[in-house]
Every structure is written in structure tokens, then in C-alpha cells.
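Asker: Protein sequences, first through last, are from chains Y and P.
Numbering follows UniProt numbering, in which position 208 of the first sequence is assigned residue number 208; successive positions increment by one, without gaps.
Numbering follows UniProt numbering, in which position 289 of the second sequence is assigned residue number 289; successive positions increment by one, without gaps.
Derived by calculation from the structure, the hints in this document are not laboratory data.
Cβ coordinates follow ideal geometry from the N, Cα and C atoms, glycine included.
Careful: at least some of the hints might be erroneous.
[Unchecked claim] To list a few chain P residues with every Cβ distance to chain Y over 10 Å, as calculated: (1) Asp45; (2) Val65; (3) Asp85; (4) Pro294; (5) Leu315; (6) Arg331; (7) Pro346; (8) Glu386.
[Unchecked claim] In silico DMTMM-like links for lysine to aspartate or glutamate, alpha-carbon gap of 25 Å or less: (9) Lys125/P with Asp469/Y; (10) Lys125/P with Asp62/Y; (11) Lys449/Y with Glu265/Y; (12) Lys471/Y with Glu79/P; (13) Lys385/Y with Glu61/P; (14) Lys465/Y with Asp33/P.
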Amino acid sequence: MLDLINVSYDTQIPNNVGLSSDKRVLKALEKWHPGYINWWNDLIPDNFQQSLVYLRTAVSVDPKGWAKFDYVKMPEYRWGVLLAPEVEDRRIPCGEHAGEPAWQEVPGEYRNLLKRLIVIQGDTEPASVEQQRFLALSAPSLYDMRNLFQVNVEEGRHLWAMVYLLHKYFGRDGREEADDLLRRSSGSEEAPRMLGAFNEETPDWLSFFMFTYFTDRDGKMQLESLAQSGFDPLSRTCRFMLTEEAHHMFVGETGVGRTIQKTCEVMNEHGIEDPYDIDKIRSYGVIDLPTIQKKLNLHYTLSLDLFGQEVSTNAANAFNAGIKGRYQEHRLDDDHMLKNDTYTVWDLEDGKVVRKDVPALTAINMRLRDDYTRDASGGVGRWNKIIEKAGIQFELKLPHESFHRQIGVFSGHNFNPDGVLVSGAEYDEGVKNWLPTHADGDYIQSLMKPVYEPGQYASWIAAPKVGIDNKPGDFEYVKLHMA
Amino acid sequence: MNKPVKQHLIDPEICIRCYTCEMTCPLGAIHHDDNNVVVDAEACDFCMDCIPVCPTGSIDEWRVVATPYSMDDQFSWDELPGQDDLGLDEAATSVEALDDAMAALLADAHKGAGGKARAPATAAKPSVNMYNLGKPAIARVQGNYSLTDDPGHDVRHIILDLGATPFPVLEGQSIGIIPPGADENGNPHLPRLYSISSPRDGERPNFNNLSLTVKREENGLCSNYVCDLKPGDEVRITGPFGATFLMPDDPQARLLMICTGTGSAPMRAFTMRRQRTVGGKSGGMTMFFGARAPESLPYFGPLKKVPQDLLDQHLVYSRLEGEPKEYVQDRIVQEQDKVADLLLDPKTHIYICGLRGMEDGVDRAFASIAESLGEQWVALRDVMREEGRYHVETY
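Extracted from the complex, chain Y is given alone in its bound form (with noise of 0.2 Å):
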């Protein structure tokens, strides 16, 4: 029988999909699995290839499997197709088919459409290790650059996950876009990545962690829509993703904290109560909240373009096809077809903010953004807690939605971060208040200098509360490769 819980190593891919009885895509993958391992190879730097790293791993799908720790040199990671167990008698949550058998099999219809939210998903995934393969070398700690790197694997694992699906259920079609992912490269002029936000490149470990607690987290959105599918496979594969999607909104989330944090303990240490001595806070080597608050400005509004246009078509031919849901989809209380709902969207008329009811169905990027926005602003409020258990008279905060916009209605036009038109000289004049200047990634760089000793941490960094799988605070997380 086939074991789907388990993970089954008896072909070169590890999988719980029985690939050793599928014999046309095993075939398939393993000549898509080269290619691969030469992108791996030659991305990241090869000290860190030889080094041992304490990563986790998945033996299985079940909750007990999924998160077995142990020292493994990347190239050697078991990259592997794993999906969640399959529901028994599952359903097509949404749309004109809801309440039909969940597809097995891609619905010749929708077969582009598919394809296309399959394609830009496994795009962005190798993108995000592309733009951050050069953090190890400033690495702030052992325990940062562990979590890099687990980051790193898994984004590989998704790749995998979705190139699987392009070979299982896309054919030729699917291998030939399947060999574009590996093709298209991050920041390139000839071929670059599908999404703006993944040519930038990540340059520092505050964008880091900026972009893995803004820019995942729409990522984790996707993922969490995706997961509704009615296209089964497509479903589990997500759902088992976003398991590993939650540790990458941790590393984020923390990252930010620890740096709040330090700034913090210096502030008090020597006595500085004023969040805007920025001079005075910057010669102790730990990063000021208000430049804080200008990464989150960029990181935050970058990320909302990413939901694409407020009300949108596309976006409703694939909720009312069943293909993609919305965020928690089961357990919203409605008919789960939206024939006559309406949702309030932003607009612009004659210059003004408004907010207008649509067709609910047009409007679903603009409720998946704003489930969006209310999941991230739970962790700036944490973030808080945190300035405000030090005594320090500061707060962080969401922009508007309509600052700094490059999609969607608000594109085009000038808005300070509370949400007030403004004019361009008026823009212009505050702007280098409210985004990351020159001058602050200048200084931000200059504290980007590596810390390789267990147990150590970088000035402008506080240590974790909690160790990776319970470790001690001076566990070796990456036995470095020094040769």
C-alpha cells in the first residue's frame, strides 16, 4: 500500500506522492533536479555549502514528523515533494462549483489559469533565496544565520513543491515552465523574476527581516488562499507549505523585536530618553526607531502592491472558478459564492479618498489584503510592547494604504504615510522622513559586520528568548566551514 504519511526515500526526490510508482514524472524531475542543484551551487557561497547546519528537516507529513533537527550541509538537504494528507471526501470550498468533489485532476477550463497562479508562486520562491544570498557574510550571529539559511531550504522545498505540480499535471507545457523557474533570475536585466518586489536585492539583515515579516506574510496570504482550492492537490501541497511558511514569519517577527530591543537596552543604558537623538542612539551601534520605522514605510507598502489591483477581474475568475478562496475560507458563514455581496474598497474620486461598496466578488485581493493588514499589524502592536516595556515614549505604526503605492488606485499619486494627499514639493520635502534615505542604509550597512562565535550576537542585535529546538544560548547552530 502506499504510505502517505510517510516520507519515502527509495527515489533520489524524497516524497509522500509515491514517485517510485510514477514512473513518467519521476523521470521528469530527475532531469529537472541538475538543473537545480547547479542553481543551488552556485548561488550561495561556497564556505557556507561545506558548512554543517543545524536545520530541520520533515520525515513525514503528520505533526510529530515534520520537524526533525539535526546538522546537514545544504546542498545535501533533502529536498523532497511532500503534500498534507488528503481530506477524505473534500470539497470544493467556493465559487460556481462549491459543494462539488474537489478536483484530482486539473479541470481542462481552468487549465491556463492554473497554471498561471502555479507559475508565479514556484517565481517567487527561488527569487527571495536569490536576493538574499549574500546575508551569511554579515551574518549577526550563528542562530541568524541558521534561521537564513532554514528559510533558504525551505523557499528551495517550494519550488520544488510547485514544479512538481507542473510536471504532474501540465505536461509539456508544464516542464517547459518548470525550466523557465530555474531560467528567470532575481534583479536580471534579460530575465528578470515576475513580481518588482523580488528584483530588489536584500541588503541588510534589518530588510530581512523586514521582508520575511512583510513580504512572506503575503506569501503566507497566497499560500492560505491557495489552500482553499478546489484543485486538490494544489490545496494539500499549501497547506503543508504554510507549516513551514510559519517559520519564516518568526524569524521575521523576532528579528525586528531583537533589533527593537537592543535599541531599547542601550537607550535606557545610558540614560538617552529621546527616541530622535538619532546621532547620539546611532554611536552606540544599534539602529533608532524612527529609521526602524521607515524600513517598516518601504517593507509594508511594497508588500500591499503585491495584492495587485483593488477590484479585479482575475482575481474573481479564479475565486468563482473554485481555484484560488479566500483567507480562512471555511470558516466564513456566507454562501461562499458572493452572488450578492458587496466589500468596501478604497477609491479615488475627483482627488479624493473614498471608500465605495463593490461586488464583493471583484473585491477579492482587497479582502485578502486586508486580512493582510490586520494579521500584520498583531505583530507591530507586540513590537510595542516591547518600546513600551523599556519606558521609551515611541510608538510604531502601519502607513495608510495609500503611501507609497505603485499599483492599485493610489498609484500615480503623492500620500504622506497618514493617508493625506499631499503635493509633490510637500512630498518630496518629507519623504526622507518617511523612507529609508541613503544615509540610513549607509549606517545600516556599516553595522552589518559577521559574528561567528556560538553563543554571540552582533551590537545592534539582542540575543532569542528561546533557542531553536530548545537549544542552550551558545549552541553551535552552524559548524563553519572555514578552509
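Since the structure of chain Y is already known, use the hints to place chain P on it.
Answerer: Just chain P, lined up with the frame of chain Y:
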């Protein structure tokens, strides 16, 4: 007052609200509001499915409470409350095991320490109760070796392979073994506790296996079952159990280990852990190990190969022909300078493990040494125990 109960909680300062636990919980016992993710004490059955999926470690929190915190209590928290002091009854007020029968067995084994056991300050955080009688883990016997050359004293080294089943253990913890069959009332037998004798990374490093040290007891239902196991046999196990009889992670800590018979199991695990990590660069370990004769001393051969700078050994025999009977407490008194130095050092951690009653003789030996230093032993012992530096497990 109600009987105290164990309650599963989530640390709101560590949790990132990813809700992975909530999605994983098979009972729907985990809920969230805009502030916190919380566990419904009435619904949670300690199945532990949520523990490995948590990316932060915030979910592995346990409190013993007179009245469980309600969900509303938990929703309102900014930080996790500490453990209230509910008294000294260890079985009722500590989290060595979540099921009451196992907790009672461990509390009974720890009685000889004279008060409630505490873990060393630098010990790694143990996982407890991942598997229970209703949902045991299945291990496969990899080996069963005789450790003694004495027909009246058959001690076995049993190696269990966990395969792909996660079973995280620390040195000093125990597992339960469920003997097959049923009792006279037709109920399945309760698990019997055995100390793990291998270190956390496995009997063989990075193989998911562990070893036990088991003595065949006349008419012993479980010990005969275990001692007769053959390679390939499947065994149902529970645990891991134990949250205080653990070794400090501080490599400079000095370990004083006193054992008899199969009480050597945790000492072997401690020694191998040090051997694999810091070796001779540690604060050192001193062992007093009592047996009837070399033929009945488990691990006699391997012990001789452990270097002195790692483990200072005192093997003590009570039935050597032509020699007077000697017990561990006799040798401790004989080595009183060495022991006195250890007793006064705040880096020293003491472990006593073996047959019930051995702690009395050891206690008297310590008392006389402490007295010669002008110290009151009971007071000194209580301080050490409160600091997690004095541990007794006898049965």
C-alpha cells in the same frame, strides 16, 4: 482545595500568532482572539501534536494549577504567569510526566532527595509525554546484549530503533515500556519505567535510536519480556518522562555520580554526552559505582576505556572473595578530601541512582564529611536541591 491539575499554556511573549497549532490540533482545543492564542484546558488531552509544529517553542509551556486558567484569563495575558507554589507533593505539583501514574512513579523515585526535585539551571528543556498508553510509539529492537557474567544477575543492554518516529530525549530521562498482554481484569498492562542509558543524539550518533539497561527480575513481567527481546521485535513505548534528573549543559559543571546496578544507566548517558561534546575539557565527572563483583557490574569493559580526565572512577565491590565487603558509602568516606572539595563547590551537581535504600548510606557518608567541614548536611543538601544540583532516583 481541588487536586492540582496540569495545564497546557502558550507563552504570549514568544508566540507569533501564526496559528499553525490551531490548524494542527485534532480536537479544536486551540483558539485565538485579536490578542492571544490559547489552549482550552477542558478540551486539551495532551496529545502533543501541536508541539513540533510550533516555530517558536512558545507552545511547550506547562503549569500545575489548583484551578485551570480560563480561556478569557489567557486572552487577557501580556505575559505568562509563573508557577505558583502549590506545596511539596512532587507527584501532584510538578511536570515530570503528564499522566498521573508516571508522575507518581517518578515522584516516588525522587523521594530520597528530601524535597521537591528541580532541574539544573543550565539543563536543556526536556520534551515530556509525547507518547502515552493510548498512543504509544513503536520501536524496533536493534540489539540485546548481556552486560554481566553472573547467572544470578542478568543485566541487558537493549538498543531500540525509533526509525522515522521523532522521540527527542535527554540524558537522565526515562521511557515506559508496555508489556504485551493484559492483566487479570483484561486491561492492558501499565507501562514500566526504564532509564535511558544513551545520550540525546542516539546510541549511535545521529541514528534515531536509544539504549536501556535492564536487569532481569525473578517473576518480573516486564523485565523478562524486555530481557528476552530479539532483534527485529517491535516494542510499544511511551514517554519520554522526567524533567529534573537532567545534566547541566554547562561544560564546567562538576558531576558527582553515585550508582549501583542498573542505576548506572543515566550515568552512562551523562558520560557519553560529555565524551561526545567537551571530552576532557570539562569540569570533570567523578563516579562511585557499586556492584557485587566485576562480573556483575554493567559496562565493566567499556568503563575501563573511559579516560580518567573525563571520568574519575571508583568501582566498589561488596562480594569479592577474600576482601571485606565494601559499599559506595564506604568508598565515599575513604575519598573524603575529594568529596569534600566537590560538596563545597557551587559548580557540583550530585546524582544518586540505584536500588531503593542506597541513598541512606550515601546520605550518612555525606553528613559525616559535611560535619568535618563544619557544615550541616541537611541544610547544604536542601540548598543544592533547590538550585537543581542534588538528584536522587531510586526504585
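Asker: Compare the structure with each hint and give your call.
Answerer: Hints and how they fare:
{"no.": "1", "hint": "Asp45", "in the structure": "holds, 14 Å"}
{"no.": "2", "hint": "Val65", "in the structure": "holds, 22 Å"}
{"no.": "3", "hint": "Asp85", "in the structure": "holds, 24 Å"}
{"no.": "4", "hint": "Pro294", "in the structure": "holds, 37 Å"}
{"no.": "5", "hint": "Leu315", "in the structure": "holds, 32 Å"}
{"no.": "6", "hint": "Arg331", "in the structure": "holds, 33 Å"}
{"no.": "7", "hint": "Pro346", "in the structure": "holds, 19 Å"}
{"no.": "8", "hint": "Glu386", "in the structure": "holds, 21 Å"}
{"no.": "9", "hint": "Lys125/P with Asp469/Y", "in the structure": "holds, 9 Å"}
{"no.": "10", "hint": "Lys125/P with Asp62/Y", "in the structure": "holds, 23 Å"}
{"no.": "11", "hint": "Lys449/Y with Glu265/Y", "in the structure": "holds, 20 Å"}
{"no.": "12", "hint": "Lys471/Y with Glu79/P", "in the structure": "holds, 22 Å"}
{"no.": "13", "hint": "Lys385/Y with Glu61/P", "in the structure": "holds, 21 Å"}
{"no.": "14", "hint": "Lys465/Y with Asp33/P", "in the structure": "holds, 24 Å"}
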